[in-house]
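Chemist: The residues making up each chain are set out below.
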Amino acid sequence: MAMLRDIKRRIGSVQSTQKITRAMELISSARIAKAQQRVEAARPYAEAMRRLMSSLGRKAGNIDHPLLKERPEIRSIATIVITSDRGLAGAYNSNVIRAAERDMQAHGRDAKLFLVGRKAISYFKFRGYDFDDSWMGISDQPAVADARKVARRAAEAFAGGEVDEVRLAYTRFQSALIQRATVVKLLPLAEEDIIGEERHDGPHAGYVFEPEPDDILGDLLPRYLEGSVYQGLLEAAASEHAARRRAMKAATDNAEELIEDLTRVYNQARQAEITTEIMEVVGGAEALSSAGVSDTEIRGGRS
Amino acid sequence: MATPFSVTITTPAEEMWTGEAELVIARSPEGEFGIMNGHVPFLASLVPGRVTVVSGSERQSFAVPGGFLEASGSLEEYHVYLLADDAEEIGEHIDVSEARRRAQELEERRIAEEDVDQEAEARLRAAMAGTQLGRG
Numbered sequence: 001m002a003m004l005r006d007i008k009r010r011i012g013s014v015q016s017t018q019k020i021t022r023a024m025e026l027i028s029s030a031r032i033a034k035a036q037q038r039v040e041a042a043r044p045y046a047e048a049m050r051r052l053m054s055s056l057g058r059k060a061g062n063i064d065h066p067l068l069k070e071r072p073e074i075r076s077i078a079t080i081v082i083t084s085d086r087g088l089a090g091a092y093n094s095n096v097i098r099a100a101e102r103d104m105q106a107h108g109r110d111a112k113l114f115l116v117g118r119k120a121i122s123y124f125k126f127r128g129y130d131f132d133d134s135w136m137g138i139s140d141q142p143a144v145a146d147a148r149k150v151a152r153r154a155a156e157a158f159a160g161g162e163v164d165e166v167r168l169a170y171t172r173f174q175s176a177l178i179q180r181a182t183v184v185k186l187l188p189l190a191e192e193d194i195i196g197e198e199r200h201d202g203p204h205a206g207y208v209f210e211p212e213p214d215d216i217l218g219d220l221l222p223r224y225l226e227g228s229v230y231q232g233l234l235e236a237a238a239s240e241h242a243a244r245r246r247a248m249k250a251a252t253d254n255a256e257e258l259i260e261d262l263t264r265v266y267n268q269a270r271q272a273e274i275t276t277e278i279m280e281v282v283g284g285a286e287a288l289s290s291a292g293v294s295d296t297e298i299r300g301g302r303s
Numbered sequence: 001m002a003t004p005f006s007v008t009i010t011t012p013a014e015e016m017w018t019g020e021a022e023l024v025i026a027r028s029p030e031g032e033f034g035i036m037n038g039h040v041p042f043l044a045s046l047v048p049g050r051v052t053v054v055s056g057s058e059r060q061s062f063a064v065p066g067g068f069l070e071a072s073g074s075l076e077e078y079h080v081y082l083l084a085d086d087a088e089e090i091g092e093h094i095d096v097s098e099a100r101r102r103a104q105e106l107e108e109r110r111i112a113e114e115d116v117d118q119e120a121e122a123r124l125r126a127a128m129a130g131t132q133l134g135r136g
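In the order they appear, the protein sequences are chains A and B.
First residue of the first sequence: 1, per this note's numbering; consecutive thereafter.
First residue of the second sequence: 1, per this note's numbering; consecutive thereafter.
These are computed hints drawn from the structure, not numbers from a lab.
Cβ coordinates follow ideal geometry from the N, Cα and C atoms, glycine included.
Among the hints, a few may not be true.
What the hints assert, rightly or not - Calculated from the model, a selection of chain A residues having no Cβ within reach of chain B, i.e. all distances over 10 Å:
hint, residue
1, T21
2, S175
3, R180
Unchecked claim - Here chain B is said to cover these stretches of chain A; the calculated rule only asks that three of the stretch's residues, wherever they fall, bring their Cβ under 8 Å from a Cβ of chain B:
hint, stretch
4, 38 to 52
5, 80 to 91
6, 100 to 106
7, 219 to 233
Let's have the full structure, built from the sequences with the hints guiding it.
Modeler: Here is the structure:
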């Protein structure tokens with residue numbers, strides 16, 4: 001009897017866990033859709049930015065901006081690692097952290113870290129890494145202002161000579177099914193990104209610039225960087241929700257299986273208990289009948 | 001008044017406003033300027049301030065912390081693109097203390113939500129660990 005009660009209780013607790021994981025799965029689904037919309041909504045600005053930049057780059061005589069300068073010697077590289085604040089997202093965080101670590105080992109330079117998300121912070125802290133700056137509370141629903149904070153810190157470190165290169169480790173959102181941990185170079189900005197291929201739709205001949213094209217380009221480059229970080233944060237957020245939905249679906253399915261198993265065990269146990277009881281009755285009856293007591297009396301005695 | 005032309009205001013987050021106007025007023029480091037249909041092709045950096053879009057008797061104002069303005073096109077297809085770091089529609093006056101109060105309220109709510117999140121996650125994690133034990 002005690003065993004039956006115990007199994008029943010376990011079934012109940014699995015069921016209530018399953019309710020939560022199923023709810024989280026649904027919430028994540030809704031959030032993926034929203035996060036994808038935000039990635040889409042950010043596109044017009046990024047495109048307009050590139051268009052302006054490419055024509056300005058052509059117009060500006062001599063592009064000379066601190067964010068563009070390649071260093072002759074690379075001694076130190078900063079990596080911005082984007083993770084989530086919340087867990088229960090499967091391998092989402094460990095994948096991007098591993099990609100960043102592998103990249104750091106591969107370049108072998110003095111490594112600096114800018115960390116986004118509680119998960120990156122606790123991982124690198126636990127491993128005894130020093131990190132130079134960190135942000136929490138932005139990875140779930142990143143705002144432009146958040147991207148700006150991170151990008152400015154990176155630009156400062158680069159322009160001030162603290163680091164010679166800045167990279168971004170984040171999870172690219174390819175589709176609701178495929179997300180990839182990726183490391184890309186952010187700084188120095190590559191000149192070919194800025195000038196790009198020849199384009200005819202941007203401002204060139206006959207334009208009036210206020211102030212000079214070089215100055216406008218100088219205003220534009222930091223914003224281009226902010227845009228890249230923003231894009232990374234948005235894609236990472238979409239990937240986070242996709243990973244969490246997957247993890248929660250797996251947990252819900254596991255719970256389902258577990259409930260089925262436990263129910264089977266419960267039924268078997270109950271069956272066994274009934275069988276034992278019947279055996280006892282039959283055994284008792286036999287014992288009594290060999291002792292010469294009638295059937296009627298046994299039945300009467302049991303009820 | 002002059003022929004209207006189209007205006008698009010885009011921020012990093014979204015295309016936030018499109019419409020028609022006869023005049024757009026903004027401010028570059030060299031001073032305030034106005035754009036009307038047929039203005040010579042123009043590209044400017046913007047300094048923090050107000051961008052005003054005038055259409056007939058209507059005036060709409062946006063607070064813009066910085067960005068760029070590009071104006072170009074033929075008389076029939078003239079277009080002003082405003083790439084703003086951020087843009088918020090504002091009235092003629094801004095209530096600074098009200099804005100501050102709202103910012104603080106939002107920040108407090110954000111912190112409270114974060115705490116709840118952490119707690120809920122810890123509970124669920126414990127529950128899931130429990131069911132895994134049950135399986136072995």
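Chemist: Evaluate each hint against the coordinates.
Modeler: Status of each hint after checking the structure:
1. The Cβ of T21/A sits about 8 Å from the closest Cβ of chain B, inside the 10 Å cut-off, so the non-interface label is violated.
2. The beta carbon of S175/A sits about 22 Å from the closest Cβ of chain B, which is more than 10 Å, so the claim that it is off the interface holds.
3. The beta carbon of R180/A is kept farther than 10 Å from every beta carbon of chain B, the shortest such distance being approximately 23 Å.
4. Residues of the stretch 38 to 52 of chain A with a Cβ under 8 Å from some Cβ of chain B number 9, which satisfies the need for three, so the listed coverage holds.
5. Coverage of a stretch by a chain is defined here by at least three residues with a beta carbon nearer than 8 Å to that chain's beta carbons; for the stretch 80 to 91 of chain A and chain B the count is 4, and the condition holds.
6. Three residues within the 8 Å Cβ limit are the bar, and the stretch 100 to 106 of chain A against chain B gives 0, so the coverage statement is violated.
7. For the stretch 219 to 233 of chain A, the stated coverage by chain B is satisfied: 6 residues place a CB nearer than 8 Å to a CB of that chain, which reaches the threshold of 3.
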